[in-house]
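Knowing the structure of chain G, use the given hints to seat chain F on it.
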Amino acid sequence: MKFVSNTVEQTEQIAGKLAENLSLGDTVLLYGSLGSGKTTFVKGLCRKFLIEMVKSPSYVILKIYHGKNLTKNDKCVIYHIDLYRLEQMGQINGGEIAEYIFDENAIKIVEWADRLSEKMLPEKNIKVKLEIIDDKNRKITIINQTEEDI
Amino acid sequence: MKVLGIETSCDETAVSIIENNTILSEQVYSQTVHESLGGVVPELASRDHIKKLYVLACEVLDKSGLAISDIDAIAVTAGPGLPGSLIIGVSFAKAIALMNKIPIIAINHLEGHVFGVKLSYEITPPFLALLVSGGHTELIYVHNWGDYKLLGTTRDDAAGEALDKAAKVIGLSYPGGPEIQKIAEKGDPRSFRFPIAMLHSDDFDFSFSGLKTAFALTIRKLGIEKTKRNLANILASYQDAIVDSLLLKLDRASKKFGINRIVISGGVAASKRLREKATVKNWELYMPETKYCTDNASMIALAGEFYLLKGQQTPMNFPINSSWMLGTPLSMK
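Protein chains in written order, with my numbering: chain G, 24 to 173; chain F, 3 to 335.
Chain G with its partners taken away, still in its complex shape (with noise of 0.2 Å):
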């Protein structure tokens, strides 16, 4: 699926209808460069949680979320990984990042996925690819591949 954003709040929109879908175990890996929305989307994912304080977790590399299914009124973690301050170490393989990308017991979220090696992708993953057009547009593609719909 691929979207145009030209704004902050449907960049959140978009990623909060993409949260409606998301069930324990899924994993939500985010492309993109600076300044391209990813704070943006995660923050707009987490509301649908009921989480409101979302913030970058690229120093201590990972924060646990504790937020509620809606539509399955259910409690429901979030894992929010982010692998920036992990660049020098090339490609990740495994360790104790592991440990939370394939636990089936909550949902992860994980930005600059770039930094994981393909092992370390989990099979049941959510693609998303922000990319700037201009100052306010924001090009989203997200490729479900629990749909196999690419």
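Be aware that one or more of the hints could be misleading.
[As the list claims (entries may be wrong)] List time: in silico BS3-like cross-link candidates among lysine-lysine, alpha-carbon distance up to 27 Å:
| no. | chain 1 | residue 1 | chain 2 | residue 2 |
| --- | --- | --- | --- | --- |
| 1 | F | 228 | G | 159 |
| 2 | G | 159 | F | 96 |
| 3 | G | 86 | F | 96 |
| 4 | F | 170 | G | 162 |
In short, the hints are calculated from the structure, not lab data.
Only chain F this time, still in chain G's reference frame:
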């Protein structure tokens, strides 16, 4: 009282011994991500801590001429920070406490930074403390030692993170703050307009994500050649946007609470521009020397001694809390 402080919340392994607010000896080892290869950083950080901690502790004891049996208490950072790294420090601290049957005190890393100002100055609360680094942007009302109110924090990126990431975009090295500062000195901070975030909100929160985006877009729009030619101006303007938004909220808090005594600490407090612009304010300003702005164990030991003298210690079964908010209990449940 002789207190051994241990700090391993992120990339610094630090050990210190203090007595009556005075450092007897201290050590800080900074891990460099760049030098390590393969694997995952958080885990590597923990691995590095476990190698270094024992060595540093021995060195600190050696230099102070003390034996471990001379230590009256252990103070250790229990959060916020990287979970794996915190666990190494806390386990090590508990082992020493257990072995020597001495009290242990769990310290909040941010409270450590508040106490850290005492390493450079004699200061008495109340004061406002702004902690700014790559991982933190917090504005704290210090009513008294041990009595805090968190007034505001960042809604997205930390101030230092905004500097680091902008530096990265234009190919400068880490940490970005000093690199940007160097180039910005030759520029005109009024030449480019960057948004001052949260200017109109009446709370004390910060936001730097939008500013960072504006920076990326400016560079993109100008293209490589024009960016190169205007680099000093762009960076001077960007740096000022960050500094101004920090000082703006400090100023507002200072006026609202009628407090003129201000502490600015954390890695970003080393910023020359922040120092310049803060100095001209009508404040009684305290900015610790750079080595006590960044992570160290003396500040943890100092906080520990304070609680020890108050007769407080932490029960041995305390947890770590990677997102421990200042002024809240360590244990979440």
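Item checked: Which numbered hints fail -> 2
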